[in-house]
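Q: Letter by letter, the chains look like this.
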Amino acid sequence: MARKLLLDKVDIPGIRSYDVYRREGGYQSVEKAIKQMTPDQVTDEVKKSGLRGRGGAGFPAGMKWSFIAKPEGVPRHLVCNADESEPGTFKDRYLMEFLPHLLIEGLIVSSYALGSHVTYIYIRGEYAWIIDILETAISEAKSNGFLGKNILGSGFDLEIYVHRGAGAYICGEETALLESLEGKRGNPRIKPPFPAVRGAWDRPTVVNNVETLAAVVPIINFGGEEYAKIGIGKSTGTKLISACGNINKPGVYEIDMTISVEDFIYSDEYCGGIARGKKLKACIPGGSSVPILPANLLLRTVKGEKRLMNYESLSDGGFAKGSMLGSGGFIVLDEDQCVVKNTLTLARFYRHESCGQCSPCREGTGWMEKILTNIEKGKGKSSDIDLLWEIQRKIEGNTICPLGDAAAWPVAAAIRHFRDEFEWHVSNPEESQIRNFGLAHYADPLVPAVAAV
Amino acid sequence: METPLSELSFPPEKLAKVAELISRYPEGKQKSAILPVLHIAQEHFGGWLSPEVMDYVAQLLHILPVEVYEVATFYSMYNLKPVGKYVFEVCQTGPCMINGSDEIIQYIKSTLNIGVGETTHDGMFTLKTVECLGACGYAPMMQLGKTYREHLTKEKIDSIIAECRKFASVNN
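Quick note, the sequences are listed as chains U and C, same order. As numbered in this note's numbering, residues 352 to 804 make up the first sequence, in order. As numbered in this note's numbering, residues 3 to 174 make up the second sequence, in order.
Do not take every clue at face value.
What the hints assert, rightly or not - Pulled a few chain C residues facing chain U out of the computed Cβ check, cut under 8 Å:
| id | residue |
| --- | --- |
| 1 | R26 |
| 2 | K33 |
| 3 | A35 |
| 4 | I36 |
| 5 | M79 |
| 6 | Y80 |
| 7 | I100 |
Unchecked claim - Taking CB as the label site, the calculated pair distances span:
| id | chain 1 | residue 1 | chain 2 | residue 2 | range |
| --- | --- | --- | --- | --- | --- |
| 8 | U | K500 | C | G30 | 19 to 29 Å |
| 9 | U | K657 | C | S25 | 46 to 56 Å |
| 10 | C | K148 | U | E774 | 44 to 54 Å |
| 11 | U | K580 | C | T122 | 55 to 65 Å |
| 12 | C | E22 | U | E774 | 56 to 66 Å |
| 13 | C | E15 | U | N725 | 52 to 62 Å |
| 14 | U | D359 | C | S11 | 46 to 56 Å |
| 15 | C | N173 | U | K657 | 50 to 60 Å |
| 16 | C | H64 | U | E620 | 51 to 61 Å |
Calculated directly from the structure, the hints in this document are not laboratory data. By construction, the Cβ of each residue, glycine as well, lies at the ideal position given by its N, Cα and C atoms.
With the sequences and hints as input, model every part of the structure.
A: See the structure below:
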C-alpha cells in the first residue's frame, strides 16, 4: 500500500467537520508555521519539497511563490484555483467535498508564507454544493481561531472567501481566472506582467491549484526534505489521479509516483482492470488536452521500459511517443471506443470553451470540429486528415494562452497514432456508421490481440 | 451615464447578501461581485436573466449595464432566455460519451418530446447539453439545480422526471 499524505484520513467518519478533523491532527501545520517559522521559512520548505503545481502545468510551487513582488503598502493575494474543468479531472472536487478542512489548512499556511490577508477560492460555479461545504469549514475554522484577526495570537490576520464562477473552462487559466475574479469576461491576459507582479486588481497575486495548496500541509508537518523522499526524480510527493472511462473502478486515487501505468490500470488497488473484460485500446493519461496514447506506447516507453505514473516517465519520448501527467485526469478507452468520435467530443469542448480573443483558436477550434464531425459521420474526404493536421499545427503556439495548445494536442495525437482509423472512416463511410474500427496494431500488449480488420 | 432606476428589487435579505458579497473585495472593486450576484438574481427572478434583471444588477453594483451584458453572455451558467422549472444539463464530453451520454440525451429527448435547448409545453423541463462538469468517474451525468445526478440510466431518468413532477405538484 502506497503512502498517503492527502487522503489518508478520508474514510474517518465525520472528517468533514472541524472537531473530528482537529482531533485527528488537523491544523497542526498552521500551529507549526505560525508559531515556529517565518513566512520565508515556510516558502523554503515548499521549495525543498520539490512540489510541482498539480493543476496541470507542473511548475515548481516554491519557485512560483518566491516570484511574488512585495512593494511597500500594496496588499498581496493568494487565489486558490478550484475551477477544475479539464475533461477527465475530478480530483479537486473530491478533495474539497470530503476533506474541506485540509484545503483550508493549506490555504492558511500558504497565505501566511505569501503575506496574503484576503485569500480567495475561485470555484467553478457548477460545484454549487461544495461551496456550502467550504463555507461551513471556513466558519468553523474562524470560530476556532484559525481564521480572522490575530490568528493564534500571532498578529497574522486572514479572511478566506469562496468566489463562485459561472461556467467557463478558460477561467482555469490563471490570468483569465483573475479577470473573472475582477468581474469581467474570462479573457486571458498577455504575460508579462505575471500575476506575481500584477495580478488581481493589479496587486501581486499567486494562483495555485487546490491539490497543490493541500499538499503544503504534509510538507510543513513532515518537512520539505521528507516530502521529497517520496516519489522519484522531479516527481516528488504524492499525486491525486482521477481515473475514468472503461475501467472497473473509476474514482480518485492518491499514488506515489513510482508505480507503473500497468499496475495503476490493472491492479485491484486502483482501476481494477478494463471493464467488462475488454481490452485496453488507448488512454489519455493527464486530462483531455494531453496526447492520447495507444496501449503499446502507454504501458512501455520506446526503450521498452515500464512506463511510470509520473511527470518524467509519462512524457518520455516527447509528443511523438509520449504524453504528459498533466492534471492527473486519466481517461481509459477500451477496444469498443472510436478514437474519431472521442476526438470529436474533445474538439467540440475546446470550440465551446475558446474565449474568442485569438483568431487561430477561435476559428481553428470550430473548423476542426466541423471536419471531425464530417469524418465521424462518414462524410469525410482523405484530404481532411491532412487539413486537420495543418489546422492544429497553426493553432499551437499562436495564441495568448495555452487553450490553443490544449485544443491542438488531442487532435494532433489522435492523427499521429490512429491515422489508420481516420482513414478507415473516410474510406468506409457506411461501415463506419455501423461498427467501430477496433484495436488493430495498437492492441493491448498484455493479452493476445485480435485485430478487428 | 445614469442607469434608469429599475422597478425590480431584491427582498431585504438578498440585498444584505449582496452587500456582504461586495464587502469581500477591495473598496471600489464592487464589480468583482458580479458573478455571485448574477447567480442570486437568476435564482430569484425565475431562472433566467432578462435585460431588466441585468440592468438591475448593474444598478446594484454601480456599473454600466453593458458591463453586465458582456459578462452574462460569456458564462454558460447564465440563461439569457426563459427556461423550464427543472433544467436537465447533460454532459456530453469524452468521458461521458464513452459511458453512454448519447443514449441518455436521446432518451430524455424522446421521453419529454423536446430537443436540446427546448422546454416542454407545460414549462416544467428544459434539456441542455453541457461540456465537462467534473464528474467523469461517475458518468453519464447531469446537473439538476445545485446537485449532480450521476451514473445515469434510463430508469434513473424516469425516476428523476417523476421526482420533479411530484415536487412541483406538492409545492404548487
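Q: So which of those numbered hints doesn't the model satisfy?
A: none
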